[in-house]
Amino acid sequence: MRKIKNILLLAGGDSTRFWPLENKLFLSFLGKPLILYQIEELLKYGELVTVVANKSNATTVKRLVENNNIESVQIIIQKDDYSGMAGAVFSIKNHIKGEVLIINGSDLIDHSIILKLMPLIDQENKLIMVGKQFNEYFSGGYFKFDDEKKIIGIIEKPDKDKRPSSTVKLVFDYFADIKDLLKYFSQAKTQKDDLYEAIINKMLLDDLKHTHLIYDSYWYGLKYPWQVLPMMRNFLILLKGQKISTSAEISEKALIIGPVVIGENVKVGAFCKIVGPTFIGDNTIVGDYSMIRESQIGEDSLVGSFSEVARSYVGNNVFLHRNYIGDSVLDNDVMFGAQAVTGNLKFDGEKILSEVNEKRIDTNMNKLGAIVGKLSKIGVNATIFPGVKVGKKSWVGPGEKVKYDVEDKTYLADGEEKGNIKV
Amino acid sequence: MRKIKNILLLAGGDSTRFWPLENKLFLSFLGKPLILYQIEELLKYGELVTVVANKSNATTVKRLVENNNIESVQIIIQKDDYSGMAGAVFSIKNHIKGEVLIINGSDLIDHSIILKLMPLIDQENKLIMVGKQFNEYFSGGYFKFDDEKKIIGIIEKPDKDKRPSSTVKLVFDYFADIKDLLKYFSQAKTQKDDLYEAIINKMLLDDLKHTHLIYDSYWYGLKYPWQVLPMMRNFLILLKGQKISTSAEISEKALIIGPVVIGENVKVGAFCKIVGPTFIGDNTIVGDYSMIRESQIGEDSLVGSFSEVARSYVGNNVFLHRNYIGDSVLDNDVMFGAQAVTGNLKFDGEKILSEVNEKRIDTNMNKLGAIVGKLSKIGVNATIFPGVKVGKKSWVGPGEKVKYDVEDKTYLADGEEKGNIKV
Amino acid sequence: MRKIKNILLLAGGDSTRFWPLENKLFLSFLGKPLILYQIEELLKYGELVTVVANKSNATTVKRLVENNNIESVQIIIQKDDYSGMAGAVFSIKNHIKGEVLIINGSDLIDHSIILKLMPLIDQENKLIMVGKQFNEYFSGGYFKFDDEKKIIGIIEKPDKDKRPSSTVKLVFDYFADIKDLLKYFSQAKTQKDDLYEAIINKMLLDDLKHTHLIYDSYWYGLKYPWQVLPMMRNFLILLKGQKISTSAEISEKALIIGPVVIGENVKVGAFCKIVGPTFIGDNTIVGDYSMIRESQIGEDSLVGSFSEVARSYVGNNVFLHRNYIGDSVLDNDVMFGAQAVTGNLKFDGEKILSEVNEKRIDTNMNKLGAIVGKLSKIGVNATIFPGVKVGKKSWVGPGEKVKYDVEDKTYLADGEEKGNIKV
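Residue numbers (the UniProt record's numbering), protein chains in the order written: chain A, 1 to 423; chain B, 1 to 423; chain C, 1 to 423.
None of these hints come from the bench; they were simulated from the model. Be aware that one or more of the hints could be misleading.
Treat identical chains as interchangeable: a pair holds within one or across any two.
As the list claims (entries may be wrong) - Below, in silico cross-link-like pairs of lysine to aspartate or glutamate (EDC-like), each with a Cα-Cα straight-line distance of 16 Å or less:
no., residue 1, residue 2
1, LYS409, ASP348
2, LYS393, ASP348
3, LYS418, ASP348
4, LYS403, ASP414
5, LYS267, GLU252
6, LYS393, GLU407
7, LYS157, GLU197
8, LYS3, GLU41
9, LYS79, ASP14
10, LYS144, GLU197
11, LYS209, GLU148
12, LYS32, ASP282
13, LYS3, GLU40
14, LYS126, GLU99
Please work from the sequences and hints to get the whole structure.
Listed below in structure tokens is the structure:
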């Protein structure tokens, strides 16, 4: 199989809308950071994967690649000549040559779509774009087609009723020669975030030889923190059979059902029930009478007795005890006191809203619990309302009702923010 | 065995004091509506059962009778010439002839008492009444006896210390000819609710040949909603042995102890304990680690994991999760969020009071939990105080403490009623 | 083995700092009152044990001694000529003669240290004191040594940085003749609480022939109520193997692990897990799905279903239900409603403070739950903060958050003390 010469993996974007989670590319699914999945998968289809990282994450990317003995990867730090995707592309101008496939690091798709690019490449297209049809409104760039179903433009974030088609452009762009792309930078008038998109539109206007593919399999982004859940589910459903480490100690009185992975030195207590697809990381303890289903639990965690974790993402070194964690995301080092509970359903059964940058966003999920940032602690008997986010290093007092998002490093008591936590 | 020619089953009364429950006659016990029990039982002793229904329930009664292929039943809609029992009796004047036994549809007694009427009927009594001795005060009509223990009057709701005897008249009146009763209507001066009782007293005054029986077995009324519990218990204690549907799936790790009925397609999860007498209706799921004792669960319900239901009436399509439901009545389509709990004991150990029509009524029960109307939803971690009633279609917010009754269609949050729910 | 002629067991002190617990000497550990352990143990080393009780507890001491057929014990009621230890010593002046070892009834140590006294007694010391080294600051009397490691004074409660040594004097004083001690009373100028300590210092000044021992094994006092927990632990760790009464009924589906004592007529339900060292007193019921570890449960208690008791002292006739009781002390006749929970950890992981006589005291424990006095009742879903004490005969309303100590006979509701409970 012929490989594409260059694959450019964008890893330099910011994560403000991902709060209270951070570093989406390093988020571990089933024990492996997302970016490693991406790199390993892309190396099946590309000769060289170039990761454009930013100053704060480049070292970690490098370390991950080295620790896993991955070759054929180069890491470039994004420069700030241009912002957004254009900045990323411009940063690699001296580092790669020839054909390039540009992919977003936090978008998870079935990369075997690349095989379908090959015949289109052979037709000597200069630009190949990939779109996906969305029935519901999606905030992205939409293909505008002419009568012969040829793309004549990309309309960025149109109003819901002004969409030129139902096909959204993915960040999955093939250029036969990166020079075609780079030469537009000198001509460009805009310095804005959408320079890259403007360049594509200019190429279309100039009638560069191009075509497109429709992708019809799964697509998972990580713009918002609740999107961790469907992405996790996508990893979980790939589990087949049971894989229980020989160093794990499983009580004879525990039940393990369906595809379940249990890591090294895990302990599963009496009267537990673990229902797959579920992943439990190394050194984690599942206390007596605990039930876990369709979830991932990280390493070194304690799912304390009488807990119930359903359809949730639980990070490393998390401490639970008699909790119901439903459809929730708990980042590393989170602690829940006894009988604290996450609500995950609205009374009216409607989609759950969550506030991002002072706007109420429709999460498009009917079931969504809490999203809790790193190192935060939730007191005994606390109640977190559906879709509420608790910031990093925050404390929620015992018995509190948490209706609204809690900032980072904040102590919530008696229904009020009681000032900052010095950590 | 000779049968009584006519049995008149009163089914037209209102249910205001039964709030938040409704339609007491259609309330299902162990999968069968109360009125069907009554009709089936009475057809053992009567040639024709005439049900006096009201406009709003006649169709349902008819449907129930037809669907169950019950013959020898006629259904008459109560007219409003007279109110109360008199209205019911007057409504059937053109529909039945000859002897008649008048019985209240929502009073559950051992109908084999009818056999004891027979010798008294043979003595050509025109009127036979039945009384029951109550040690504690009961708000009803009391027999007043002469020295020869013959009834000389009925005293309606006397003061506690002015009771003429300890024998309360049941709604269980035999008339050798309904004409004797009907002819009094034309003479009657009163149009009030107690016309029927006035007529009986007039008959006694006129020295119509009459006698009475003392009934000394069980009697369960349904004036107040908490009375559902002792009536349920009476049905449950009749269960003998285990009757588990072959289509039910019972975990090998579940325990089922004592007289338990489990319906079609029921699923009982791992580590469950079901202790009889208990009834579980068709298609209900009992989640893992759930315990049910001395209760009835309706159809299509989910007793979610880690729940505990004790001595409670749970209707159809009810959703529980990690709750303690003790000595409570949950009507159909009720939902309890995780770890919501019903208190069922007062600190002082005294009888639990409950408000009805703005009066605090002594329920005469030391243990009583919540009574929740149809389609209501209780938030996660909410606390319902003993004896509190939650109206129909209401919502109790997560973490709320519910000390007082909640009206229908009301959203309780932050300890206040937050306005109506539009449904 | 030679025995000491007189052992004086001080049992007359007050217990104000021990609130909401009371009568520390009668507190039962593993089914036996502390004072009985003391007396039985001391009779191994002494010919006569003289208990100096006070007016309110002398009868109980007497009854305990008689009921257990213990000989060689005399009980003296403390007179109020002098307060504190001096008062106790003065009260026995006409009752014992010759050598005496003075020991505090509520201090638990390894009494085999007495064997080490013997050679020192043989050296004709008039006074032998015993000290113990504490690394952390301990509020007591410190030995002041001269250069030859001879004690030259006792410094009572020095400032933390002015301790003359790290050796604290225990209440464990041997006098070759009680007359040596008594004769100082007439010379004494002080009438204060510290007269006894003043006398010792005077003896040292007078250069009475004396020496001391360093004790390096366990020492448990009961000044504060939370000290019940380490003392309990000391009794528990002495349990070896399982001792399950033949009259106990243990479900086949229960797990009992490690050194566990189960008393007469105890019932252990299905899916229970009891982990030793644990003691369960006679007639107690452990409900289904309950977990007990490293705890003592008294007699006639009900550890209701789904409860979890960890590292806690639970008295007699206590009623639990779906609670988490962690690192807590529940005196006799306490009731917890369903899902009430004790917090036992501070968010900052620091030592837990508790208020005693309006001062915040460092309990020196990182894990400490609630301390609940006799006959108190905690409502369903209530939350007790770490280190909080609830007085005797008090009620905590359903769903309350209890951040501060609750007085005796107090009803806490809506976050406020709602007045006294008349009992």
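Results of checking the hints against the structure:
no.: 1; hint: LYS409 - ASP348; verdict: between (32 Å within a copy, 13 Å between copies)
no.: 2; hint: LYS393 - ASP348; verdict: between (32 Å within a copy, 11 Å between copies)
no.: 3; hint: LYS418 - ASP348; verdict: between (32 Å within a copy, 15 Å between copies)
no.: 4; hint: LYS403 - ASP414; verdict: both (13 Å within a copy, 11 Å between copies)
no.: 5; hint: LYS267 - GLU252; verdict: within (12 Å within a copy, 23 Å between copies)
no.: 6; hint: LYS393 - GLU407; verdict: within (9 Å within a copy, 35 Å between copies)
no.: 7; hint: LYS157 - GLU197; verdict: within (11 Å within a copy, 77 Å between copies)
no.: 8; hint: LYS3 - GLU41; verdict: within (12 Å within a copy, 82 Å between copies)
no.: 9; hint: LYS79 - ASP14; verdict: within (14 Å within a copy, 75 Å between copies)
no.: 10; hint: LYS144 - GLU197; verdict: within (13 Å within a copy, 83 Å between copies)
no.: 11; hint: LYS209 - GLU148; verdict: within (15 Å within a copy, 101 Å between copies)
no.: 12; hint: LYS32 - ASP282; verdict: within (12 Å within a copy, 45 Å between copies)
no.: 13; hint: LYS3 - GLU40; verdict: within (14 Å within a copy, 80 Å between copies)
no.: 14; hint: LYS126 - GLU99; verdict: within (9 Å within a copy, 100 Å between copies)
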